[in-house]
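Protein sequence lines correspond, in order, to chains A and B. Just so you know, we're using the numbering used here here: the first sequence kicks off at 1 and counts up by one. Just so you know, we're using the numbering used here here: the second sequence kicks off at 1001 and counts up by one.
Incorrect hints may appear among the rest.
To be verified - Over 10 angstroms on every C-beta distance to chain B, these chain A residues come out as not near it, computed from the model:
id, residue
1, Gly28
2, Phe31
3, Met87
4, Pro119
5, Lys128
6, Arg134
7, Gln157
8, Ile299
9, Glu300
10, Pro308
11, Gln310
12, Trp321
13, Asp323
14, Pro329
Unchecked claim - Heads up, incomplete: computed chain B residues facing chain A, CB under 10 angstroms, no partners named:
id, residue
15, Glu1053
16, Gln1195
17, Tyr1255
18, Leu1259
19, Arg1269
If you are wondering where the hints come from, they were derived from the structure by calculation, not from laboratory data. For glycine and all other residues, C-beta sits at the position ideal for the given N, C-alpha and C.
This is what each chain is made of:
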Amino acid sequence: METHKLIEVKDLETQFHTPEGIVYAVNGISFFVHEGETLAVVGESGCGKSVTMLSFLRLIPTPPGEIVSGQALYREKDLLRISEDEMEHIRGKEIAMIFQDPMTSLNPVLTIGRQITEPLHTHLGLNKAEARDRAIKLLLDVGIPDAARRLNDYPHQFSGGMRQRVMIAMALACAPSLLIADEPTTALDVTIQAQIIELVAHIRQHMNMAVIWITHDLGVVAGMADRVMVMYAGFVVEEAHVEELYDNPRHPYTHALLSALPRVDRRRDSRLKSIPGAPPNLLVKPHGCPFAPRCEHTIERCGNENPPLQKVAPEHFAACWVDVRTGAPK
Amino acid sequence: MSTETPLVQVTDLKKHFPITKGIVIQRQVGTVRAVDGISFSIARGETLGLVGESGCGKTTAGRTLLGLYPSTAGQVDIDGHDLTHARGKSMMEIRRKAQMIFQDPYASLNPRWTVNAIVSEPMRVHHLINNEKDRQERVKELLTLVGLSARLVNRFPHEFSGGQRQRIGIARALASNPRFIVCDEPISALDVSIQAQVVNLLEELQDRLNLTYLFVAHDLSMVRHICDRVAVMYLGIIVEMGERDEVYEHPLHPYTKALLSAVPIPDPRKERARQRVILTGDVPSPINPPSGCRFHPRCPVALEKCKTETPVMKEAAPGHFVECHAVK
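With the rest of the complex left out, here is chain A (with noise of 0.2 angstroms):
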């Protein structure tokens, strides 16, 4: 087991300036990724998940955006302090990205081969042939078949499913220590889901590289990660491995969220157990605990003072002043 940090991410706050007002995106949150681990990020939209990221990797527009506190420690580094000229050298070289639509992410009008070899021209170093048959090459890995004559081929002339695969191939191309992939299936068939899911995992061995997973979908995780963060309005509201997470919820979001999903491998017993409201405003500032409006154990407490991530159990914190096991306050 690698115990050695691959990046931690301290207290990040990250926030919009809007016209209606100041968006608290993500309140504080800190983290870790273990080299050549998975680390799973839920949450339903606007929970901040990828602002997370993004933040970390400086590509936060500012203004509107704006990084308030923080830390993000990379290899000794910490990314929201060095210069924009060492952060273009880790960005897409050490740290990858892939996103959710392949097709706003790749540029329409330039070939797949241009658009791959340019991180192996700036990154590597690589003339124009090496970096050719070095394009090939990382096409044909991700399962690109036919890849020499498709390099000229522009974005439009692919499936979205090869698209992400060509995304992928790109953000391998400098084989990077940490692969962030922000929902990459989530606009794709559940067949072409288990093909993208199939081709990560076994890069991931491959190369011993970490990936940060960001989701909505809880079955993706069990199949793929390690460790799991879910999280709420901007902030982490509980962490662990990712059998201990199933087995044992600890905060009555994950909790809920794990009896609203209807179940592929399981005969229909009763009507989903559904969590009422919708989450919150993110332009108010939050005010004791998000969660405390929709949630079913909730307490005095609960209204006034946002609880801490707290150690539950060995590897596993949960922010909640309720035992969600007894109803019971700790």
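Given chain A, work out where chain B should sit, using these hints.
Leaving out everything else, chain B in the frame of chain A:
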């Protein structure tokens, strides 16, 4: 299956879209066979799930079924009315009885209309309530029925969240007292915690109003939860159809097997122990579907005759239909 006449009866329904070239002089250069001969029936009060991957024609099937697209061939009977030949008054009658809930709660509500205008439109169109005041009372009643506050009648869509907008869409569908509702991916644009709310609402309404649903979706877990029977579509045709638990527990068609094995299960131990049937390649184009069995280029068990002979639908078990040469 019950012996009474089904509410919806679809026979060999086809919807082809022409591909044209030229701006002034248009000529047809091809055909997209989006729906290429599907047959099924839905009993009163039943929910039939129509599942498949994107581009398989499930949404087109739902829309053609309601006459939103004119059908190319085939017959649709809804509550005794023949939709394919209906015009004028009889068409209006079918449209009143059969409604639709759309996938995207952002695109399916007119942003310039108030909730009152949106939900009361079917009543105005079908002259159900001709007095403005009574109509608004009925809108309030419908909003309460779908779990929204009646005070919100004069708000605009942008003031609502995705889940609430979907409730407005449901209220609109209910406004004309329909018997049959096509739910076209009604929850796929919503967050997980909101999906369960909307699904439970659809089920409650079905019980209270004795509604019949065609539930078009790609989320196989949710389909197993909400539907009584499922039909699996691939490239414009139905390849397998049967009772929910029968199909999920004993899938016969290789495509259904692959599809079911690709659905993630939220249980780490089970998920890691699973043997997946990983399909290679993508869904072929419906412009020029493969010869013989349409699934043969991706099928892990394809036989020689699958390339040339089109399989026919057979009843492999009572009420369980499958279209595959490999199934005896």
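Each hint, compared with the structure:
Its beta-carbon lying about 23 angstroms from the closest one in chain B, Gly28/A satisfies the requirement of being farther than 10 angstroms from that chain. Every CB of chain B is more than 10 angstroms from the CB of Phe31/A (nearest about 20 angstroms), matching its label as outside the interface. No beta-carbon of chain B is positioned within 10 angstroms of the beta-carbon of Met87/A; the least distance is around 33 angstroms. Chain B leaves Pro119/A outside its interface by the beta-carbon criterion, the shortest separation being 26 angstroms against a cut-off of 10 angstroms.
Annotated as non-interface, Lys128/A keeps its C-beta farther than 10 angstroms from every C-beta of chain B; the closest such distance is 31 angstroms. The non-interface label for Arg134/A is consistent with chain B: the shortest C-beta to C-beta separation is roughly 25 angstroms, beyond 10 angstroms. Its beta-carbon lying about 13 angstroms from the closest one in chain B, Gln157/A satisfies the requirement of being farther than 10 angstroms from that chain. Ile299/A, annotated as away from the interface, keeps every beta carbon of chain B farther than 10 angstroms; the closest lies near 21 angstroms.
The beta carbon of Glu300/A sits about 24 angstroms from the closest Cβ of chain B, which is more than 10 angstroms, so the claim that it is off the interface holds. Once the 10 angstroms rule is applied to beta carbons, Pro308/A is consistent with being away from chain B; the minimum gap is 23 angstroms. The claim that Gln310/A is not at the interface with chain B holds, since no C-beta of that chain comes within 10 angstroms of its own (minimum 23 angstroms). At the 10 angstroms boundary, the C-beta of Trp321/A stays outside the reach of chain B, the nearest C-beta of that chain being 21 angstroms off.
For Asp323/A, the requirement that its beta carbon stay farther than 10 angstroms from each beta carbon of chain B is met, with the minimum near 22 angstroms. No Cβ of chain B comes within 10 angstroms of the Cβ of Pro329/A; the nearest lies about 24 angstroms off, and the non-interface call holds. With a least beta-carbon distance of about 4 angstroms to chain A, the hint placing Glu1053/B at the interface is held under the 10 angstroms criterion. A least Cβ separation of about 7 angstroms between Gln1195/B and chain A falls short of the 10 angstroms threshold, and the interface hint therefore holds.
The beta carbon of Tyr1255/B is positioned within 10 angstroms of a beta carbon in chain A (closest approach about 9 angstroms), and the interface hint is therefore held. Using the Cβ-Cβ criterion of 10 angstroms, the hint placing Leu1259/B at the interface with chain A is satisfied: the shortest such distance is roughly 6 angstroms. At its closest, the beta carbon of Arg1269/B sits 7 angstroms from a beta carbon of chain A; the interface hint therefore holds under the 10 angstroms criterion.
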